[in-house]
Structure formats: C-alpha cells, structure tokens
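J.: Sequence:
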Amino acid sequence: MIKFSLIVPAYQVENFIKRCLDSCFSQDLSSDEYEVLVINDGSKDKSLEIAQEYLSSHNNIHIFSQENKGLSEARNTGIRNAKGKYVWFIDSDDWINNNCLAEMYNLCEKNDLDILHFRATDFKNDQGVVREEDVTFYNQILSGKDYILNSSFIGFPVWLNIFKRSFLAENQLFFKAGIYHEDNEFSPRAFYYAKTVLFVEKSYYNVYHNPQSITRTANSKKSFDLLQVMEATSLFLKENVTEDKIKIKFYNYIGLAFNGAFDNILTASLEDRRLFISEIKKNQKLVNEISKSEILKYRIQIFIFNMSMPLYLHVFSILKNKKLIKW
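The sequence shown begins at 5 in this note's numbering and counts up one residue at a time.
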C-alpha cells in the first residue's frame, strides 16, 4: 500500500530542487510505501533535468510536465495523479525532515485524521527558527470547525498539513487556479470540512526564505488575486457556513486578505494602485463584510476606508511602518 504521496511542484528552482528531493528520499519508509510526484510547471531552467536524474535510482518518483499554469494547477495535477493514502504538498525550494514519514503516518492512522497539522522551521541564511502558533490545544483531536474557533490564525500554508487523500476527494478540495495566495482560499475550506484534526508541536518542515520566490516578491497581481480570495471565501461562507461563530472567523480571513492586498499594492505603480482602488470600490459589499469581524482593528480600518480612501491609505502606511499590520 502507498502510504504517502509527496507532491512537489517545480518551476525555475534549479538551485533548490536537489535539496528538496534529497530530503524526500531520505525517509524511513520503503520505496513501495510512498511516492514522490514532481510536477514540472513549464520550467525553462534545469529543474526538470535535475529531477530526471533521480529516475535511475528511485522507482517511486513520477514526473509530470505541463505548460506553465501556476502553483495551484501544479498541485491539482498532483492530487489527480496521487495514489497515496495521505498527501503532503512540498514547495520545491523547501525541504522536509529526514526520516519523518513513518512517525507522521502512525499519527495519522492512530487517530484516523483528515488533517495532521504541525510546525515548521524558518531558515534565513543558515539560522533556523521554529515557527510559533498561538494555540493551546497541542496533541488534542479536534474537528476542523473547533480548530477554526480556537485558533487566532488558521494554518494557511498547506505544507504545514498532511491531508487524507480520500478527504480531499470527498469534499472536492482543489486549489483555485491562476492566483497567488491560493493557500489562503484553500485552507479555510479544508479545515471547515475536516472531522478530525491533530496539531502536534513538532516541526517537520523547513522553509527557505528565498528572496526570489514568487511568494516573497512584490507584484501587483497578488493584490488583485487577494480580491479573488476574498470573493471566494465570502461565497463559500454564504453557501456552506451555517454556524454564526465560524462565520465571524471567516470574516477575519477576509479581513486578513484585505490587509494583504493593500500591503502589496503600496509598492506598485501609480496606475496599478488606481486600478486596484477602482476594483475594490466595485466590491463595497464584500469590503463591508469585514466590519462583522471580531477583530477591532479590522472594524476600525473599514470605518476609515469608507470615510476617506486617502486617509485610509495614509493610516495603513503608518500602521505598516510600525509593523502593526499583520498579514
């Protein structure tokens, strides 16, 4: 039986993919117990060539090539081709702990988990710092809804989670295509549907803070995409979420995406800023949903936003410079 499918999208990562794949193959499961799916998303560098070097020595690597469609579609290709009982999405400039899969599999099986949630270690240069999360329920089995209610910040990056593949299939959980920040749209849906979630305090995943990564560089498209995240989250809320307390948490997520959109657009060109502001004004009802958030700061921001856009931009810039805007 294939216990794990490790899904590794690859795009222009020739300097990092070897470290990632080496970690995937330095595991304590036999090669017939897990598979590594590399999704070459139209790379123009040597990423594909490097991945192909593993074919001769590892019979559990499968490489899929497609034209460049973005991270969401690369992950979706992985989901559609995965055969493992559990799925782990791994970014190709990051890496996982050696010999961690057997332990993680046992945790998933022992507790019949839909989602195993864990911590990560952030690396800048050679210094690793374990990421903190503001929770009090380590090593407790919760429903995804209870996790949402008891966590101030849901684990948006999907590489912080192991997902049962049948759970993804039953709930038709795929990534929204063609956008940045796809995790912000995907994770609230996944946790809402999950029956069993376990958060362990251990770090299994290592994040390389690559300054060239698409997730770490300014790009006005990100702001427009975060509007799509807001819209999709709002639509999911209206069509699926019935619990009032959880609705409030989803308003928090919409507010978080709103902040992210403005945080990014401040460094864009004047033309892009004007286009963005015009677009967001067309979505006034969506913006007003943030006033239902439990977070006072978000409600104050929306009050100022509705009163005066120039004032809002000025206040937002001050809060950002003082690092009072968290996104």
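In short, the hints are calculated from the structure, not lab data. Heads up, some of the hints might be wrong.
Stated by the list, open to error - Derived lysine to aspartate or glutamate pairs resembling EDC-like cross-links, with alpha carbons at most 20 Å apart: (1) 7 with 32; (2) 296 with 247; (3) 327 with 138; (4) 87 with 18; (5) 7 with 107; (6) 128 with 18.
Remember, predicted model here, so these are calculated numbers, not experimental data.
J.: Of the hints stated earlier, which fail here?
T.: 4
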